[in-house]
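For the record, in the sequence shown the residue sitting at position 183 is 199 according to our numbering, with numbers rising by one throughout.
Since the hints were derived computationally from the structure, they do not count as laboratory data. It is possible that part of the hints are untrue.
What the hints assert, rightly or not - Result set (SDA-like, lysine to any residue): computed pairs, CA atoms no more than 20 Å apart in a straight line:
1. K195 x I287
2. K305 x W164
3. K73 x W164
4. K122 x F217
5. K334 x L199
6. K60 x F120
7. K316 x D209
8. K77 x Y229
9. K149 x L201
10. K223 x F211
11. K221 x S125
12. K269 x K280
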Amino acid sequence: MAIFTKLKSEEIKLFFNQYNTSVVEEYLPIHLGIQNSNYFIKTKSKTYILTIFEDNKIIRKLEFYFNLLDFLHTKGFCNPYPIQTIKGKRKSIISKKSAAVFNFIKGDSLKKSNSKHLFELGSVIASMHIKSKNFKYYKSNEYSFNYWTLNRRKLSIEIEKKQLGLNSLIKQDLSAFQKLDNLNLPRGIIHADLFPDNVLFGNNKIKGILDYYYSCKDYLIIDLAIIIISWCFYKSSSNKLEINKLKIKNLLKGYNAIRKINNKELESLNIYCRLYSIRFFLSRMITAKLKHDPSKVTTKKPEEYIKKFLYFKKHKIKFENLIKS
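Work the whole structure out from these sequences, hints included.
Pasting the structure below:
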């Protein structure tokens, strides 16, 4: 979340006249993230999230996102969903930009997580995969082989500056990426951005899963790979990057209790952990090159995911043993 569009009080109050809500009493910009402008909106009776869509790629797919959020909501999943205007519309216009109002989910993202949180996360994501099984709309994964190949070439000089020989290592995995389709892994709707700041907890239970703007149809195991690389690393006392296998074990067991993970999925996890480390490394490098105003946008350093990629190049984790132990 970020603030690209600054709104005035009167502008917001006029906008909310389209909705069946009480009068807006307070609003507060949310400065986290890099894609959309977001505001907390407090009325006399409820709190909402106002999102102004700044990314044309997201705007083109708004119907998909709205349909997915509504579908999951009807299935009882813990996601935000678009509030309709009095005229029954999910999208509105503010400051000449597309916008929507969402329900507010009370909860906090975790600064520190433990293995119990990972069990809970695994079970909730498995539930999302099952609940979305009959969702009829389709969106492909924009982070395809072509994306990785094109951006590795574009950023090859910067990549090599980060670490000598890194380009060659990435090319090896991109070759392996092409062979993954032969495994016929289970597919469905994935979230594809399950970072800690997109998961809200309350009393050690998940209250909400946020930000579905990378959601698409792809291999379900990708969501677990993203959780592993974004939730399960820590720095040792010697400042060395290590992985918490107890967290991974609980993640897999929590997921497996709701939806069984097959052996081919477990075998593919190492390569997907490497591929999605590359994905976040590349996307962060691209974002860094855009040079956003830090007062408006929260950006993240790419080096973290170089280290995670190299960790998985050096260590092959036997995920099938973790889930059995």
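Here is what the structure says about each hint:
Distance hint between K195 and I287 is fulfilled; the C-alpha atoms sit about 11 Å from each other, no more than 20 Å. For a cut-off of 20 Å, the pair hint linking K305 to W164 stands: about 17 Å separates their Cα positions. Our distance criterion of 20 Å between C-alpha atoms is met by K73 and W164, whose separation comes to about 18 Å. Proximity of K122 to F217 is assessed by CA-CA distance (about 8 Å); at most 20 Å being required, the pair is judged to hold.
Taken as a hint, the K334 and L199 pair is honoured in the structure, with Cα atoms around 18 Å apart against an allowance of 20 Å. Pair hint K60 plus F120 holds up; C-alpha atoms about 14 Å apart against a cutoff of 20 Å. Restraint check: the Cα-Cα separation between K316 and D209 comes to about 14 Å, which is no more than 20 Å; the hinted pair holds. The straight-line distance between the Cα atoms of K77 and Y229 is roughly 9 Å, inside the 20 Å bound, and the hint therefore holds.
With a C-alpha separation of about 15 Å, the suggested pair K149 and L201 falls inside the 20 Å cut-off, and the hint holds. Proximity of K223 to F211 is assessed by CA-CA distance (about 15 Å); at most 20 Å being required, the pair is judged to hold. With a CA separation close to 11 Å, the supplied pair K221 and S125 stays within the 20 Å bound. Distance check on the hinted pair: K269 and K280 sit about 16 Å apart at the alpha-carbon level, within 20 Å; holds.
Comparing the model with each earlier hint shows no violations; every hint is respected.
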